[in-house]
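Participant: With these hints in hand, go ahead and build the complete structure from the sequences.
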Amino acid sequence: MKELKVEATIENLAKVFMFLQESLENCDVPPKVKRQIKLCVEEIYMNITHYAYNPRTGPARIGIDVLNGDQPARVVISFADEGKPYDPLSRQDPDTEADLDARPIGGLGIYLVKTTMDSVAYEHKNGQNVLTIEKDIAPDNK
Amino acid sequence: MNFEKTNGGSTLTVELIGEVDSMNTPELEEKLIKEIDGVTELIFDLKSLEYISSAGLRVLLTMQKTMKSQGSMVIRNTNEEVMEIFKVTGFVRLLNLV
Numbered sequence: 402m403k404e405l406k407v408e409a410t411i412e413n414l415a416k417v418f419m420f421l422q423e424s425l426e427n428c429d430v431p432p433k434v435k436r437q438i439k440l441c442v443e444e445i446y447m448n449i450t451h452y453a454y455n456p457r458t459g460p461a462r463i464g465i466d467v468l469n470g471d472q473p474a475r476v477v478i479s480f481a482d483e484g485k486p487y488d489p490l491s492r493q494d495p496d497t498e499a500d501l502d503a504r505p506i507g508g509l510g511i512y513l514v515k516t517t518m519d520s521v522a523y524e525h526k527n528g529q530n531v532l533t534i535e536k537d538i539a540p541d542n543k
Numbered sequence: 166m167n168f169e170k171t172n173g174g175s176t177l178t179v180e181l182i183g184e185v186d187s188m189n190t191p192e193l194e195e196k197l198i199k200e201i202d203g204v205t206e207l208i209f210d211l212k213s214l215e216y217i218s219s220a221g222l223r224v225l226l227t228m229q230k231t232m233k234s235q236g237s238m239v240i241r242n243t244n245e246e247v248m249e250i251f252k253v254t255g256f257v258r259l260l261n262l263v
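Protein chains in written order, with our numbering: chain A, 402 to 543; chain B, 166 to 263.
Covered by chain B, per the in silico footprint, the following chain A stretches (three or more residues, Cβ under 8 angstroms): (1) 405-418; (2) 428-439; (3) 443-450; (4) 488-499; (5) 507-514.
No lab work stands behind these hints: they were computed from the structure.
For glycine and all other residues, C-beta sits at the position ideal for the given N, C-alpha and C.
Facilitator: As structure tokens, this is what we get:
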């Protein structure tokens, strides 16, 4: 598993993207799946920068595993922070049928994660929030 | 991103290029707030947009709400990847995609 530890700031999203790109560059991941994974990494990381340590900041750790032995192969990414215990999956999904006036501006990030990943799980352990996402990387993954 | 004003300043065309993410949306938002006064027709051209995260979606939604009372807003040239995100989030119902 490859791991990156950064201070959870918006500016460090560039480092996180770089780390993701490096971790997946020798893997046969279709461009569409790569884009979906990148989107989810941004959403979860930004969630940490906004909420975990607010109004201060603190560390975020991201681990990336590519499980080539599995059928289909999978990418497993975990995000850990030492901030306030918070399960982002407990947040109510936005009402995607609502009309313009009733649509709040926020709440889309985690919803995108839930709908594009194959598995999303939260746990609070050893004083840390740990969110783990998994995506199958079969070439025909829709 | 490219900003172009026409029709004596009443039409604003914004071309989103490459990636719209959490790092560059503050700049996009700032520019829009500065330019939106007096605009009655706002056009977003997405033909060169490769990636948009929820930060960018929030800007589109905010502008759609603003333009509802100020004029009209249309989104042009949405590609397949971005359309998929508009579908999942229900934005296809909220935005005027042409």
